[in-house]
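Asks: Sequences are here, hints too, so could you generate the full structure?
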Amino acid sequence: MAQKQSILGRIAQLARANVNALIDQAEDPEKVLDQVIRDYTANIADAEAAIAQTIGNLRLAEADRDDDVAAVREWGAKALAASRKADELRAAGRAAEADRFDELAKLALKRQISFEQEVSAAAPQIAAQTEVVDKLKSGLASMKEKLVELRGKRDQLVARAKAAQAQSQVQAAIGSIDVLDPTSELSRFEERVRREEARVAGQAELQAGSLDARFAELEDLSADLDVEARLAALKAGGA
2 MAQKQSILGR IAQLARANVN ALIDQAEDPE KVLDQVIRDY TANIADAEAA
52 IAQTIGNLRL AEADRDDDVA AVREWGAKAL AASRKADELR AAGRAAEADR
102 FDELAKLALK RQISFEQEVS AAAPQIAAQT EVVDKLKSGL ASMKEKLVEL
152 RGKRDQLVAR AKAAQAQSQV QAAIGSIDVL DPTSELSRFE ERVRREEARV
202 AGQAELQAGS LDARFAELED LSADLDVEAR LAALKAGGA
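For the sequence shown, counting from 1, position 134 maps to 135 in our numbering; every step adds exactly one.
For the record, the hints were derived by calculation from the structure and aren't laboratory data.
Wrong hints could be hidden among the right ones.
[Stated by the list, open to error] Taking lysine to aspartate or glutamate and the DMTMM-like style, the derived pairs with C-alpha atoms no more than 25 angstroms apart in a straight line are:
hint : residue 1 : residue 2
1    : K111      : D65
2    : K145      : E49
3    : K111      : E98
4    : K136      : E63
5    : K111      : D100
6    : K111      : E49
7    : K107      : D69
8    : K79       : E119
9    : K147      : D47
10   : K32       : D47
11   : K111      : D68
12   : K107      : E49
13   : K154      : D35
14   : K163      : E150
15   : K111      : D88
16   : K145      : D156
17   : K145      : E132
18   : K136      : D88
19   : K145      : D47
20   : K147      : E132
21   : K145      : D40
22   : K136      : D47
23   : K147      : D65
24   : K107      : E89
25   : K154      : D47
26   : K138      : D65
27   : K79       : E49
Replies: Shown next, in the form of structure tokens:
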């Protein structure tokens, strides 16, 4: 019975296992679930073997009880037959033979009582074994349901992981497309053109400034020549 209770306790523990908690607490839920599924499958196989043996033992006990019940009826019938024969012989004045059949009837009754005691003793044991078998069957059914749930969770998790991986690959591909986007190359080329245009404009501005300076020098020189001419004229007039 202790072994049966141990099996029953293990089945109950496994059937109560929280699949979502296992997933949430695991660093690699897929590996954890695969291991749990293997453990469940192995425990279900062990439980089925133990339950089959328990059921077998129960059926043997029931068969023995049925044999004892049949023996009770058989020895009761023998006791009744012997008692009637004794009555017939006694009525016929054959008392000695009648007494022998009465003794046979008593022996048959003793056997009947013995088998009745066997039936009574077996009743609570069979009831207890039947209760255990029913609980084991129920627990096993719960384990099988939990196994289906685990496999479903595992498949969902793998599908989600594959979808996430595919999405990651798509995002990586999009990222690489952005890096090689022709518009970004055009933007860089446009920026180089703008810098070149600015450089040329700067040179032109610089050259323009230099030309203005030269014209300014010529104007200063012209002014000096005018002054010299006027000075020469004054001197000529005074003479």
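Asks: Each hint: holds or not?
Replies: Consistency of the hints with the structure:
1. K111 x D65: Within the cut-off at roughly 19 angstroms; holds.
2. K145 x E49: holds, 11 angstroms
3. K111 x E98: Roughly 20 angstroms separates the two Cα atoms, so the pair holds.
4. K136 x E63: At roughly 18 angstroms apart (the allowed maximum being 25 angstroms), E63 and K136 satisfy the hint.
5. K111 x D100: OK: K111 and D100 at ~17 angstroms, within 25 angstroms.
6. K111 x E49: violated, 42 angstroms
7. K107 x D69: Given that 25 angstroms is the threshold and the Cα spacing comes to 18 angstroms, the pair holds.
8. K79 x E119: holds, 19 angstroms
9. K147 x D47: Since the Cα atoms of K147 and D47 sit roughly 16 angstroms apart, the hinted pair holds (cutoff 25 angstroms).
10. K32 x D47: holds, 23 angstroms
11. K111 x D68: holds, 17 angstroms
12. K107 x E49: Violated. K107 to E49 sits at ~48 angstroms, over the 25 angstroms cutoff.
13. K154 x D35: holds, 10 angstroms
14. K163 x E150: Judged against 25 angstroms, a Cα distance of about 20 angstroms means the pair holds.
15. K111 x D88: holds, 19 angstroms
16. K145 x D156: holds, 17 angstroms
17. K145 x E132: Since the Cα atoms of K145 and E132 sit roughly 20 angstroms apart, the hinted pair holds (cutoff 25 angstroms).
18. K136 x D88: violated, 54 angstroms
19. K145 x D47: holds, 13 angstroms
20. K147 x E132: It holds: about 22 angstroms lies between the C-alpha atoms, which stays within 25 angstroms.
21. K145 x D40: holds, 12 angstroms
22. K136 x D47: holds, 16 angstroms
23. K147 x D65: Status violated; Cα separation ~37 angstroms.
24. K107 x E89: Since the Cα atoms of K107 and E89 sit roughly 16 angstroms apart, the hinted pair holds (cutoff 25 angstroms).
25. K154 x D47: holds, 23 angstroms
26. K138 x D65: holds, 23 angstroms
27. K79 x E49: violated, 44 angstroms
Hints 6, 12, 18, 23 and 27 from the earlier list are contradicted by this structure; the remaining hints agree with it.
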